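Enquirer: For reference, the chains in residue letters:
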Amino acid sequence: MHVPLRISLNGEAHELPSPVTIRTLLDSVGIDSRKVAVERNLVVVRRAHYDTEMVNDGDEVEVVNFVGGG
Amino acid sequence: MDAFVLAGRTFTSRLIVGTGKYPSNAVMVQAHDASGAEMVTVAVRRVNISDRSRESMLDYIDQARYTLLPNTAGCYTADEAIRTARLAQEAGLSNWIKLEVIGDERTLFPDNEALLEATRVLVKEGFVVLPYTTDDPVVCRKLEDAGAAAVMPLGAPIGSGLGIQNLNNLRIIREFARVPVIVDAGVGTASDAALAMELGADAVLMNTAIAGAGDPVAMARAMRLAVEAGRLAYRSGRIPRRMYATASSPVEGLVGR
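Line by line, the protein sequences are chains A and B. Quick note: the first sequence, position 36, residue 36 per this note's numbering, numbers continuous. Offset between the second sequence (1-based) and this note's numbering: plus 1000.
Only chain A is shown next, with the shape it has when bound in the complex (with noise of 0.2 Å):
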């Protein structure tokens, strides 16, 4: 039987087919990957290896950007 991945995404519960790049992760729930920046697990990972970098089961990841602020 196949079980889904389950991470934690901003805090959330979110499940996944299989293990993912981020840039799928990002395409998956419709952010614009330019806007943000993320962090698997308390490390950032940078844009450039949003392809090659990978969600696993049990991942923590955070998707952040600016807002208003003073």
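Derived by calculation from the structure, the hints in this document are not laboratory data. If you're wondering where the values come from, they're calculated on a predicted model, not measured in any experiment. Worth double-checking, as some hints may not be accurate.
If you anchor each label on the Cβ, the simulated ranges turn out as follows [stated by the list, open to error]:
| id | chain 1 | residue 1 | chain 2 | residue 2 | range |
| --- | --- | --- | --- | --- | --- |
| 1 | A | 27 | B | 1145 | 30 to 36 Å |
| 2 | A | 33 | B | 1124 | 27 to 33 Å |
| 3 | A | 32 | B | 1023 | 21 to 27 Å |
Calculated lysine-lysine pairs in the DSSO-like style (CA-CA distance at most 30 Å, straight line) [said to hold, decoys possible]:
| id | chain 1 | residue 1 | chain 2 | residue 2 |
| --- | --- | --- | --- | --- |
| 4 | B | 1142 | B | 1124 |
| 5 | B | 1021 | A | 35 |
| 6 | A | 35 | B | 1124 |
Below, a sample of chain B positions facing chain A; criterion: calculated Cβ distance under 7 Å [to be verified]:
| id | residue |
| --- | --- |
| 7 | 1041 |
| 8 | 1042 |
| 9 | 1045 |
| 10 | 1057 |
| 11 | 1058 |
| 12 | 1086 |
| 13 | 1090 |
| 14 | 1091 |
Glycine included, C-beta positions come from ideal geometry on N, C-alpha and C.
On the provided structure of chain A, position chain B as indicated by the hints.
Expert: Same frame as chain A, but now just chain B:
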């Protein structure tokens, strides 16, 4: 006005403005324009996954015109602030960070111990660290020794609009510091900004005083003029204060004497 050099970059404007709490993004864009600012602060927050329609602040900031200064607002530990700074660096492709480590929820006063710790770590990583701090000359000196590119003492609590609460501390900070002093937080109206500059601040950073004003665009212009006026006055050598009057008109040649 004389140029403002910060971490090797030259600015014409000595006013740094925020991007929070404006009635609309359109008003913010106009206010930024009216302020003459060349640097704007932004905050770093989680992308809302379920509401993908939400726009990025970057859509409203012309990065050819404004230098982005991301902050670590809302961070309560050195680790949180360091983590946020690293993410900001990746999102904005710049190593400049307005470092905030908050120590108290009601006053939003900084936790200077954690601030120093985070400054040391980020400076080592190559960041241009601009720490928001209390108006304490000793803390400012420690931050400078830790490699901060400027010190950013508060005039009053964030968003309070109380104006400069401790004039003498700011004077002493200016006298001690070998890095730029940027008064960050507490400004309520134009005279507060002018006063900060007259005391010798190299620049003023504000958000709420403009964004929360009845007419943010007009207030942005007022702040621009106040910062310029204050800077000019500071460099012009003001007259000493005297207890009694000294006549402006000649005392000789009065009619009938």
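Enquirer: None of the hints should be skipped; say for each whether it holds.
Expert: The hints, checked one at a time:
1. Checked against the hint of 30 to 36 Å, the pair residue 27(A) and residue 1145(B) fails, with Cβ atoms roughly 46 Å apart.
2. Between residue 33(A) and residue 1124(B) the beta carbons are some 29 Å apart, a value that agrees with the proposed interval 27 to 33 Å.
3. Roughly 26 Å separates the CB atoms of residue 32(A) and residue 1023(B), a value that falls within the hinted 21 to 27 Å.
4. Taking the CA atoms of residue 1142(B) and residue 1124(B), the gap is about 15 Å. The hint holds against a cut of 30 Å.
5. Note on residue 1021(B) and residue 35(A): the hinted pairing holds, with a Cα-Cα distance of about 21 Å set against a maximum of 30 Å.
6. Pair hint residue 35(A) plus residue 1124(B) holds up; C-alpha atoms about 26 Å apart against a cutoff of 30 Å.
7. The interface hint given for residue 1041(B) is met, as the beta carbon of that residue sits about 6 Å from the closest beta carbon of chain A, less than 7 Å.
8. Interface hint at residue 1042(B): satisfied, since its Cβ lies 4 Å from the closest Cβ of chain A, which is below the 7 Å cut-off.
9. Among the interface hints, the one on residue 1045(B) holds; its C-beta lies about 5 Å from the nearest C-beta in chain A, closer than the 7 Å criterion.
10. For residue 1057(B), the shortest C-beta to C-beta distance to chain A is roughly 4 Å, which falls under 7 Å, so the interface hint holds.
11. For the restraint placing residue 1058(B) at the interface with chain A, the shortest Cβ-Cβ distance is roughly 6 Å, inside the 7 Å limit, so the hint holds.
12. Hint status for residue 1086(B) relative to chain A: holds, with the closest Cβ pair at about 5 Å, below 7 Å.
13. At about 4 Å, the closest approach between the beta carbon of residue 1090(B) and any beta carbon in chain A falls short of 7 Å, and the interface hint on this residue holds.
14. The closest approach between the C-beta of residue 1091(B) and any C-beta of chain A is roughly 4 Å, which is under the 7 Å cut-off, so the hint is satisfied.
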